[in-house]
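Below are the chains, spelled out letter by letter.
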Amino acid sequence: MNSFSYARPSDIGTAVDELATHEGAKFIAGGTNLLDLMKENVEHPNRLVDINRLALSTIEDTEEGGLRLGALATNADTAYHSAVQSRYPLLSQAILAGASAQLRNMATNGGNLFQRTRCYYFYDTQTPCNKREPGSGCGALNGFNRIHAILGTSDQNPETACIATHPSDMCVALAALDAVVRVTGPMGERTIRFADFHRLPGHEPWLDTTIQPGELVTAIDLPAKGFPEYFTYIKLRDRQSYAFALVSVAVGLEIDNNRITDARIALGGVAHKPWRKPEVEARLVGQSISETDFAPIAEALLEGAKGYGHNTFKIELAKRAIVRALQRAAKLEPQV
Amino acid sequence: MQTTLSPETRADLAPSLPQKQAIKLTINGTVHHLELAPWTTLLDALREYLHLTGTKKGCDHGQCGACTVLVDGKRINSCLTLAVMKEDSDITTIEGLAAENGLHPLQTAFVEHDAYQCGYCTPGQICSAVGLMNEGQAKTIDDIRELMSGNLCRCGAYPHIVDAIREVMHIEPKS
Chain A
1 MNSFSYARPS DIGTAVDELA THEGAKFIAG GTNLLDLMKE NVEHPNRLVD INRLALSTIE
61 DTEEGGLRLG ALATNADTAY HSAVQSRYPL LSQAILAGAS AQLRNMATNG GNLFQRTRCY
121 YFYDTQTPCN KREPGSGCGA LNGFNRIHAI LGTSDQNPET ACIATHPSDM CVALAALDAV
181 VRVTGPMGER TIRFADFHRL PGHEPWLDTT IQPGELVTAI DLPAKGFPEY FTYIKLRDRQ
241 SYAFALVSVA VGLEIDNNRI TDARIALGGV AHKPWRKPEV EARLVGQSIS ETDFAPIAEA
301 LLEGAKGYGH NTFKIELAKR AIVRALQRAA KLEPQV
Chain B
1 MQTTLSPETR ADLAPSLPQK QAIKLTINGT VHHLELAPWT TLLDALREYL HLTGTKKGCD
61 HGQCGACTVL VDGKRINSCL TLAVMKEDSD ITTIEGLAAE NGLHPLQTAF VEHDAYQCGY
121 CTPGQICSAV GLMNEGQAKT IDDIRELMSG NLCRCGAYPH IVDAIREVMH IEPKS
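The listed protein sequences correspond, in order, to chains A and B. All the letters of the first sequence, read from the start, carry residue numbers 1 to 336 under my numbering. All the letters of the second sequence, read from the start, carry residue numbers 1 to 175 under my numbering.
Don't take each hint at face value.
[Stated by the list, open to error] Pairs of lysine-lysine residues, derived as DSBU-like cross-links and limited to a Cα-Cα distance of at most 30 Å, are as follows:
no., chain 1, residue 1, chain 2, residue 2
1, A, Lys319, A, Lys306
2, B, Lys74, A, Lys39
3, B, Lys20, A, Lys26
4, B, Lys174, B, Lys139
5, A, Lys277, A, Lys319
6, A, Lys306, A, Lys277
7, B, Lys74, A, Lys26
8, A, Lys331, A, Lys277
9, B, Lys174, B, Lys74
10, A, Lys26, B, Lys57
11, A, Lys319, A, Lys331
12, B, Lys174, A, Lys331
13, B, Lys139, A, Lys331
14, B, Lys74, B, Lys24
15, A, Lys39, A, Lys26
16, A, Lys225, A, Lys319
17, B, Lys24, B, Lys57
18, B, Lys57, B, Lys20
19, B, Lys139, B, Lys74
20, A, Lys331, A, Lys225
21, A, Lys39, B, Lys24
22, B, Lys20, A, Lys39
23, B, Lys57, B, Lys74
24, B, Lys20, B, Lys74
25, B, Lys57, A, Lys39
26, A, Lys26, B, Lys24
27, A, Lys277, A, Lys225
These aren't lab readings, by the way, just hints derived from the structure by calculation.
Build the full structure now, drawing on both the sequences and the hints.
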């Protein structure tokens, strides 16, 4: 790990000022990803601003009937919170599908949004990676890319190519739930729709999110609609527990009298951000759950998917997982 | 081949070496005053500065669980947190589990069930199992297996480890 200085502000204003006045400083909360990346020399902040003393750990109801998840509430406390389990079981299920119990006890909700990709080439400083070292190339494109993206990739220009995936399970559920991220920074407070929070690699694969320098996530707001009756999170991986997703699917449905009245489908493990296509979800509305063939929906969600060799299997895997997840959410088969 | 950082970037990484700072850690009920650099992990503070070597360094990346300790009763990976971040916490390591009159029930169960071979992962396994019981979420053997997945055992003693934990939790063998 590189040397760095350390600060532990006790209020949000001071924390934001710390980043504004120290170039190269970073916030640290749980530290589970940042310290790992510092040990690998992928991240090397010259100052760490420990935000754990800020009062951002509460989980409380919003006036709109939703739930506000404090940025510093841990993943474990969130997944096991009674309001999350009863009103947003999809989120609880997704969080508990990720990491290990120890890591979930440390990792925070805010930090989960900033997890960096688990691409081997991003981690290995001896190989090129446009995300870690802009312009150096992409080791994964013609390398070992079994875990890599099949949708929304950047692969035309060698200097901006990136086929990394976003590693979070929690974020896949948050995308399906239309969560809203609350941030504060030098320019004041603002909110970011979850769909706009993470980005595709495009011409700037080194940027994972749309957050501005110096901004701090303070909370994640869940809207009132939580799909507590018809939902599922399916995660497919190389071992049954404690592994990142090859493909994951979060589904939330509203069903009235055997007909779908609202549908959300978000995919993980396939792109640089949780993958959604609202126009495809809309095709399910009005359909009878017992008579609908979900395969064309899966086809439409994977439209434009591209394999890079080792990861080409993900295209068919994702389609089948989507069909299975829709059936499971609709209670046409057991939740397991 | 491109390596890590260009020289001009590297030069301003650390303008001056930050001073060590006074850090107070409460471990197994004892308050310790240390002078540590801020980048000292809790794991390194325990092993290198307090000589509490029961907590093991396996992968040092949060993947194996050998470094598991309890912070305010919750299990965490001590390799992925800085000592300075835990100044206000009560830390319990494997050395702090036994009472004066005998081993912790999980320690006894690990002995009785022969829940190890080389023993390197054992302190982490036991601290993790204590955390598991504190959490109160595991009701079945499958739950134990799932919620202990952050602790690897390269000898493959898993069946005996699960048996030891199950017995202390009063969960039936075929639940």
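Each hint tested on the structure:
1. A:Lys319 / A:Lys306: With a Cα-Cα distance of about 13 Å, the restraint between lysine 319 of chain A and lysine 306 of chain A holds, given a limit of 30 Å.
2. B:Lys74 / A:Lys39: Holds, because 24 Å separates the two Cα atoms, which is no more than 30 Å.
3. B:Lys20 / A:Lys26: 20 Å, holds
4. B:Lys174 / B:Lys139: 12 Å, holds
5. A:Lys277 / A:Lys319: 14 Å, holds
6. A:Lys306 / A:Lys277: The hint holds at about 17 Å.
7. B:Lys74 / A:Lys26: 26 Å, holds
8. A:Lys331 / A:Lys277: 23 Å, holds
9. B:Lys174 / B:Lys74: Holds, at roughly 28 Å.
10. A:Lys26 / B:Lys57: Holds, because 26 Å separates the two Cα atoms, which is no more than 30 Å.
11. A:Lys319 / A:Lys331: Within the cut-off at roughly 19 Å; holds.
12. B:Lys174 / A:Lys331: Holds, because 28 Å separates the two Cα atoms, which is no more than 30 Å.
13. B:Lys139 / A:Lys331: 25 Å, holds
14. B:Lys74 / B:Lys24: 19 Å, holds
15. A:Lys39 / A:Lys26: OK: lysine 39 of chain A and lysine 26 of chain A at ~15 Å, within 30 Å.
16. A:Lys225 / A:Lys319: 26 Å, holds
17. B:Lys24 / B:Lys57: OK: lysine 24 of chain B and lysine 57 of chain B at ~22 Å, within 30 Å.
18. B:Lys57 / B:Lys20: 23 Å, holds
19. B:Lys139 / B:Lys74: Holds - the C-alpha atoms of lysine 74 of chain B and lysine 139 of chain B are around 18 Å apart, at most 30 Å.
20. A:Lys331 / A:Lys225: 19 Å, holds
21. A:Lys39 / B:Lys24: Distance of about 24 Å is within 30 Å: holds.
22. B:Lys20 / A:Lys39: 19 Å, holds
23. B:Lys57 / B:Lys74: It holds: about 19 Å lies between the C-alpha atoms, which stays within 30 Å.
24. B:Lys20 / B:Lys74: Between lysine 20 of chain B and lysine 74 of chain B the Cα gap is close to 28 Å, so the pair holds against 30 Å.
25. B:Lys57 / A:Lys39: Holds - the C-alpha atoms of lysine 39 of chain A and lysine 57 of chain B are around 14 Å apart, at most 30 Å.
26. A:Lys26 / B:Lys24: Distance of about 24 Å is within 30 Å: holds.
27. A:Lys277 / A:Lys225: 19 Å, holds
Of the hints listed earlier, there is not a single one the structure fails to meet.
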